[in-house]
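**Q** The residues making up each chain are set out below.
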Amino acid sequence: MGEFFNVFIKAAFVENLVLAYFLGMCSYLAVSKSVKTAFGLGLAVIFVLGITMPINWLINEHLLSEGGIFGMDLTFLRFILFIAVIASMVQLVEMVVEKYSPSLYAALGIFLPLITVNCAILGGSLFMVSREYTLSNSIAFGLGGGFGWFLAIIAIAAIREKMKYSNVPGPLRGLGMAFILTGLMGIAFMSLLGIDPAAFASN
Amino acid sequence: MKNALINFFKKIEPDKKKAPFLHTAYDAFFTFAFTPNATTVNGVHIRDGMDLKRTMVMVVLAMQLCYLLGTYNIGHQHFLALGEHGGLLQGFHLKLFYGLIQLLPIFVVTHVVGLGIEFYYAYRKGHSVEEGFLVSGALIPLIMPPDIPLWILALSVAFAVIIGKEAFGGTGMNILNIALLARVFVFFAYPTEISGDEVWVSGLSKAEAGAAVTYGWAHLSFLNGIFESLGWATYNAAAVVADGYTGATPLSLAYQGGWENVTRVYSEGQMLWGLIPGSIGETSKPLILVGALILVGTGIASWRIMLSMFLGAVTMSLLLNAWGATPFMEVPWYYQFYMGSFFFAMAFMATDPVTASSTNVGKWIYGFLIGFVGMIIRVLNPAYPEGWMLAILFLNVFAPLIDNYVVEANMKRRAKRAKMLAANQSA
Numbered sequence: 007m008g009e010f011f012n013v014f015i016k017a018a019f020v021e022n023l024v025l026a027y028f029l030g031m032c033s034y035l036a037v038s039k040s041v042k043t044a045f046g047l048g049l050a051v052i053f054v055l056g057i058t059m060p061i062n063w064l065i066n067e068h069l070l071s072e073g074g075i076f077g078m079d080l081t082f083l084r085f086i087l088f089i090a091v092i093a094s095m096v097q098l099v100e101m102v103v104e105k106y107s108p109s110l111y112a113a114l115g116i117f118l119p120l121i122t123v124n125c126a127i128l129g130g131s132l133f134m135v136s137r138e139y140t141l142s143n144s145i146a147f148g149l150g151g152g153f154g155w156f157l158a159i160i161a162i163a164a165i166r167e168k169m170k171y172s173n174v175p176g177p178l179r180g181l182g183m184a185f186i187l188t189g190l191m192g193i194a195f196m197s198l199l200g201i202d203p204a205a206f207a208s209n
Numbered sequence: 140m141k142n143a144l145i146n147f148f149k150k151i152e153p154d155k156k157k158a159p160f161l162h163t164a165y166d167a168f169f170t171f172a173f174t175p176n177a178t179t180v181n182g183v184h185i186r187d188g189m190d191l192k193r194t195m196v197m198v199v200l201a202m203q204l205c206y207l208l209g210t211y212n213i214g215h216q217h218f219l220a221l222g223e224h225g226g227l228l229q230g231f232h233l234k235l236f237y238g239l240i241q242l243l244p245i246f247v248v249t250h251v252v253g254l255g256i257e258f259y260y261a262y263r264k265g266h267s268v269e270e271g272f273l274v275s276g277a278l279i280p281l282i283m284p285p286d287i288p289l290w291i292l293a294l295s296v297a298f299a300v301i302i303g304k305e306a307f308g309g310t311g312m313n314i315l316n317i318a319l320l321a322r323v324f325v326f327f328a329y330p331t332e333i334s335g336d337e338v339w340v341s342g343l344s345k346a347e348a349g350a351a352v353t354y355g356w357a358h359l360s361f362l363n364g365i366f367e368s369l370g371w372a373t374y375n376a377a378a379v380v381a382d383g384y385t386g387a388t389p390l391s392l393a394y395q396g397g398w399e400n401v402t403r404v405y406s407e408g409q410m411l412w413g414l415i416p417g418s419i420g421e422t423s424k425p426l427i428l429v430g431a432l433i434l435v436g437t438g439i440a441s442w443r444i445m446l447s448m449f450l451g452a453v454t455m456s457l458l459l460n461a462w463g464a465t466p467f468m469e470v471p472w473y474y475q476f477y478m479g480s481f482f483f484a485m486a487f488m489a490t491d492p493v494t495a496s497s498t499n500v501g502k503w504i505y506g507f508l509i510g511f512v513g514m515i516i517r518v519l520n521p522a523y524p525e526g527w528m529l530a531i532l533f534l535n536v537f538a539p540l541i542d543n544y545v546v547e548a549n550m551k552r553r554a555k556r557a558k559m560l561a562a563n564q565s566a
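Here the protein sequences come in this chain order: A and B. Residues 7 to 209, numbered by the numbering used here, are exactly what the first sequence covers, in order. Residues 140 to 566, numbered by the numbering used here, are exactly what the second sequence covers, in order.
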């Protein structure tokens, strides 16, 4: 339980996917114009990350590795299978959103299906492999990483909503300002960089 | 007297068309000295004599005590390291002039760079100069170490003003606190200049026994000449750092060995009154609280943020006490406030009305989280010695979000109430 919590906190705050690794930038920049849509997309990302990570973990461990069902090293199939899982999950989310919140569906537009190629999600799965997480850790990392992404996108969305009234110099309006903002938010998030929850838990 | 001053100002007013840049600069100083009495021609407007410039000046005034003690403390720490003039009033003139010679260039560079950029942008945009830099410019020298190289200072101020403010559309539009952005720039770009045990005491080549001390020409030739002729103590060019001196700040001592390790070097009184190494203006708690009272009394700073920030820090330190895994965590919660820059951050940084939450409920949440996160960074993060700068920047990012949800909740509650009223009336 302690370790689950550590991985969650670390993924959400200390090593935030957007602000520490700069993953998942395209939808982060494109959908962060209003808090409402950002909130919806953030939830979708939490869901997709939280579901795909354990599924991918199972696939990686029981199908692709040498100790798996097929008994041979199939890790070269990793990318394609991970993407397939992510795509199907995104399809699921898309159907749910379309059914229950058509307005959000319309607002998110192409960016909802594009979660499939959101690098934060594939990145999460690949981090899981390279860091040799256990199943519970990968669930924690999925939820935590998703939560961190969610926090980052609603924070920038609130700032951009507030900035509608500012007199930003012409060339910086829109995307330029979003990049500067992301950089500054990255500085702010560096405050937590370096904290290792595990170091204290062991004492 | 006042009229003479106005007449003088009117006489030297440059022509707006012929010399626009000069006029911008002139206008900035004129409105600084006098509230402009220009009125709008159409419609009804309510104007208050307490305009933005007057508000800003109030904040700057509230900081003056910190400046005074900061100046003295630069010199005091310097001579303590040498083992000379240990008493509070011994060598007072030496300490004061030493502090002044350190502080003045920092102050001047901050203002020349920051105001220069402000003037230039105002001129380019065809506006009158915005007053935003008055407070940032007064704050930045107070949060820098006394030995900061001036070119780094200039760079950080330029970064903060251009990227942090002008890109966002000028005064009142910035998301992150300008002064803290300048400091955080130094902190991440030139970490050796602003962290560790060596940088907080001015003028030492190294913080260990026997290290040489550098005095400039101004001390040795100019001031020494004057002091000698008056029969006062003079700067000793051959002085070296005293035995047993480490320059460690209370926070780094506490990190190594808890509160006992701190009290071995510094007494509680020293820490309270601020005669300890640290950033120039952050050390003295009572003097900062006087400033905080001025700000709260004039209604400029929000007492909600201050109080909730304090509560947040207390809560977190109590939790850490209960956890108690390292000596630093076991420092009793009330002693946490003797060390570091908590009060300075609380009084002058967190309450910045531009970057803080603007709803009342939002202010409680915002302040509490700063206290909470700041204590986490201070105690749990081995990478950073102190947490408030980063905690405030962290919450600056979330302040608009907090406001957004507070406003939304309020709207929901009112809609519900309206619905109930309507239902009651129809029933």
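It is worth saying that the hints were derived from the structure and are not from the lab. Quick reminder that beta carbons are idealized off the backbone N, C-alpha and C, glycines included. Do not take every clue at face value.
What the hints assert, rightly or not - Lysine-lysine pairs mimicking DSS-like chemistry, simulated, CA-CA at most 25 Å apart:
#1 K42/A to K551/B
#2 K157/B to K168/A
#3 K424/B to K558/B
#4 K170/A to K42/A
#5 K149/B to K192/B
#6 K264/B to K156/B
#7 K42/A to K555/B
#8 K168/A to K42/A
#9 K157/B to K39/A
#10 K345/B to K264/B
#11 K105/A to K42/A
#12 K156/B to K168/A
#13 K264/B to K168/A
#14 K345/B to K156/B
#15 K150/B to K170/A
#16 K105/A to K170/A
#17 K39/A to K170/A
#18 K558/B to K42/A
#19 K168/A to K39/A
#20 K156/B to K170/A
#21 K155/B to K264/B
#22 K192/B to K150/B
#23 K155/B to K192/B
Said to hold, decoys possible - Just a few of them, taken from the derived set where beta-carbon distance is under 8 Å, the chain A residues facing chain B:
#24 L29
#25 V41
#26 I160
**Q** Which hints from the list above does the structure break, by number from lowest to highest?
**A** Failing hints, ascending: 2, 3, 9, 10, 12, 14, 15, 16, 20, 24.
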